[in-house]
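Fit chain B to the known structure of chain A by using the hints.
Number of protein chains: 2
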Amino acid sequence: MGDSHKPHPTVRFETHPDRYRHWQLDTSGPVAKLTMNVREDEGLRPGYPLKLNSYDLGVDIELADAIMRIRFEHPDVRALEITSGKDRIFCSGANIYMLGSSSHAFKVNFCKFTNETRLYLEEMSAESGIPTLAALNGTASGGGYELAIACDEIVLADDGSSAVSLPEAPLLAVLPGTGGLTRLVDKRKIRRDLADVFSTVAEGIRGKRAVQWNLVDDAPPKAKFDEAVKKHADALAAKSKRKPFKAITLSPLEAKRSETGAEYKYVTLALDKGKRVATLTMRAPEGAEPATADELQKAGANAWAIRAWRELDDALLDLRFNHLDVGVIRLETRGDQDKVLAVDKMLAANKDDGLVREVTLLMKRVLKRLEMTSRSIFAIVDPQSAFAGSMLELALAADRVYMLDHPDEDVAVQTSAMNAGPLPMANGLTRLQSRFLREPERVGRVLETKGPIDTQTANDLGLVTFAPDDIDWDDEIRIAFEERASMSPDAMTGMEASLRWGGPETMETKIFGRLSAWQNWIFQRPNAVGERGALTLYGRPERPEFDWNRT
Amino acid sequence: MGDSHKPHPTVRFETHPDRYRHWQLDTSGPVAKLTMNVREDEGLRPGYPLKLNSYDLGVDIELADAIMRIRFEHPDVRALEITSGKDRIFCSGANIYMLGSSSHAFKVNFCKFTNETRLYLEEMSAESGIPTLAALNGTASGGGYELAIACDEIVLADDGSSAVSLPEAPLLAVLPGTGGLTRLVDKRKIRRDLADVFSTVAEGIRGKRAVQWNLVDDAPPKAKFDEAVKKHADALAAKSKRKPFKAITLSPLEAKRSETGAEYKYVTLALDKGKRVATLTMRAPEGAEPATADELQKAGANAWAIRAWRELDDALLDLRFNHLDVGVIRLETRGDQDKVLAVDKMLAANKDDGLVREVTLLMKRVLKRLEMTSRSIFAIVDPQSAFAGSMLELALAADRVYMLDHPDEDVAVQTSAMNAGPLPMANGLTRLQSRFLREPERVGRVLETKGPIDTQTANDLGLVTFAPDDIDWDDEIRIAFEERASMSPDAMTGMEASLRWGGPETMETKIFGRLSAWQNWIFQRPNAVGERGALTLYGRPERPEFDWNRT
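Chains as they are written, first to last, in our numbering: chain A, 553 to 1103; chain B, 553 to 1103.
FYI, nobody ran anything at the bench for these hints, they're computed from the structure.
Heads up, none of these hints are tricks.
Facing chain A, a subset of chain B residues (Cβ under 7 Å, in silico):
# : residue
1 : LEU733
2 : VAL737
3 : ASP748
4 : ARG927
5 : ALA1043
Cβ atoms here follow ideal geometry from the backbone N, Cα and C, with glycine treated the same way.
If we strip away everything but chain A, and leave its shape as in the complex, we get (with noise of 0.2 Å):
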């Protein structure tokens, strides 16, 4: 199946409450409420007008800023309700005719930006103390039930037609692949059988009975909607446990853009294009860094600890979406060291401060969407290297390290209280328990390993793959990143998200490994996207044809 799809335009992450499209944002009470009312014409490309507050990237892309705008500028939220702006219908999910024109590499990276942004929701609710509601005034269906299950409570109103549904396997042969599956089974708990019955259902289940199969939490009558929503809302708000911050404000991140990368404050992507090579840079703090948390909250988003990290996150997607064919990230660190440690340290120090515990959330997010980012990554270790700290879990989150052994140059790594903990990955451990499965002794040798750690310490703490001397170095990591560029994307992809997540399984590392593999499986069957699929004929009067073989 060659794919014949044009490239996507360009995307772009950065937003602003003031500049969206699709939502509003309601900050003005304890629990913030956020109503999504898509306008139709307002899709990222033309094509598919967004109709019955369905939605596209770009939808998802406010829905992921306010959560983040919530986190840092609104303090005194304690919830938060999601509902819609439509009469009768909450939403209906990601629209068809987007998906139906879109390549397949587009609609892979569409849903694990929409699964990052759903499981961001649970992680608000269960880091930072501020649980979720949906407010279902009408139909949840497909995408737009799976947002609702990524809230803590749901309530649907019972008024004889609005249903809760995953139509997406019965109409159009794909996968509920948003986490809807998993959390049907893993988070909501519902029998198997009936979530079976509930996800080939295409008009979905209706108030009390999808009480009964736990589908949602209650279903008022239509008169008592609006109360029981806030019912349940302030009850969520009372038990939030959210820690008292003053407001920051997230400013622009105002990237130089060019044709060969892209140049941030403290982080340059720069693109090799012949040698699919992307050289993803992070340097370290400049100057003085906040010493306190209340100097944390005066310097604000301009703090290193904030702005490189959201700089590093903006960085990951452009690279994901608007530059396909890098096949390998080089990712490199420049600066002082000490400048990250003092840093960590102030975090460390402060970390049941609010802002802080938000900051570190933050810094958390950007590492799994590192790792959850499909290029092979190469962390390259020299004599000016900053990887110490929070900034050497880029490197512990690289497929490999490289690191010279130099007889004259002072190369090293260090850790920090950073990497004993509060940067877990997505299967829940840090990433050096993740790294030392089989000798979990080496955690706590490396933590202990005070100061500097030179080429060979660190190569026989097993932090490095491999530590060529300054005379092969050259040739050796040329040749690494050739090789690597020259093997099947595909196979890279699968391979790496086989090997980066070893040991437990949670709910997130499922949605990722088990889910969106079935997914991105069926998003290439002809029974789905050939020309007489369900997804493609979506709409049309054709019936769509099945090859009825079962695989």
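Frame of chain A, contents of chain B only:
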């Protein structure tokens, strides 16, 4: 990508050591020895010589048979050594030309069966006390190394050339999908960056380095290889916890096969090709069954507990490989529930007997094979049904359970000790535990309900998906099968793979859920199987051409 491959000739799964073409089984001592010596010209279908001890499904069918024989027919075996009869080559994995010329569905089914067989080796070690040793007298590459890491220990001859390798990704643009990647990081717990290197270095890793990376356990020089193998094998045998019993003989199943299915003694497979439904009926014991472990040994393979489950296993494999377009299994049972419960009682009362243990493990594996079969499964409970105890597990393995609610007829299911632990699913939970993840107290409530459980009670307990009354029954069942059979086979496969195993993950669920799903995806990608794909072009002078876009 239309699948232009011809249908595979019918595959039969019964064989016997006397008829093995590719393996020799030596059970003369406490350490059984399985020697792989593949006959090049004895592939299951023409077109691919099985060079260099490469394998196809026929080779793996013999391996699966040998494992069964060792378990039941050779109770004195206390360890198993797997080695090769070829010089300087242990096994070069699945035959590439076989893969390249197979349909997508066959590749997927083939990988599933080889995965199951390798898991059986691990289960035999863990549950039957027969630890396993891979004696690599030469290079083990691809599936050859995957077979090795399914063993408890690996000894590799250090002769300057013999290596272990996973060249699938670099050479063929596919994955080591028979558990290879998963076992690297989750079983051998190899550091993820070293696993990354190993999985991309086509020539593999030899000798001491293979030991250092934990790819093998020992790498003696060629001259000391036999001695080292013996030492490892004897040590494994010495720690065997195998429980003694008298051998039985696994007699042929003698199924009567026709165009419309197969008739076994206790199992009937009846195909309705027009409706794409297969009715799979399992019958309870008819006459007197063994009441003691001693009687079980005397009855041998004719005992219902062995014969009926072996038949079911064979019917499932027949369905998987030879009837691809059957979308739905109608699961029925017939006979005297008390006779099933009597067998269960005997098994539970004698659970420490070696043969009873093997029989229970057989049931466990067959039930897992049922759940791992990519067809929708609806269980039908009517007045003639015998869903009791071990046979109730069949209904609990189904995607849905339909139970007739009839005022004048006795319709009932029953539990036994076999529902409370001895037959866990791949996720390590019992089927009742998996069913009631949200309300774990229901597990006890079901198990405490003694005697026949009528439809209303079964429904209240949560055992039943739908309980139509006698007026609606026929229509409702008919529509349910018609609807299910009309849905996209791929969407159903992906959906069922996501809903069947809620809760905890194990290496087994990771292999089938994560690794296999990615492999299936890659098995469709043009970079692997397109006209210019690496798998297609393997062995030809042309270089593959890749679409460099990452997904």
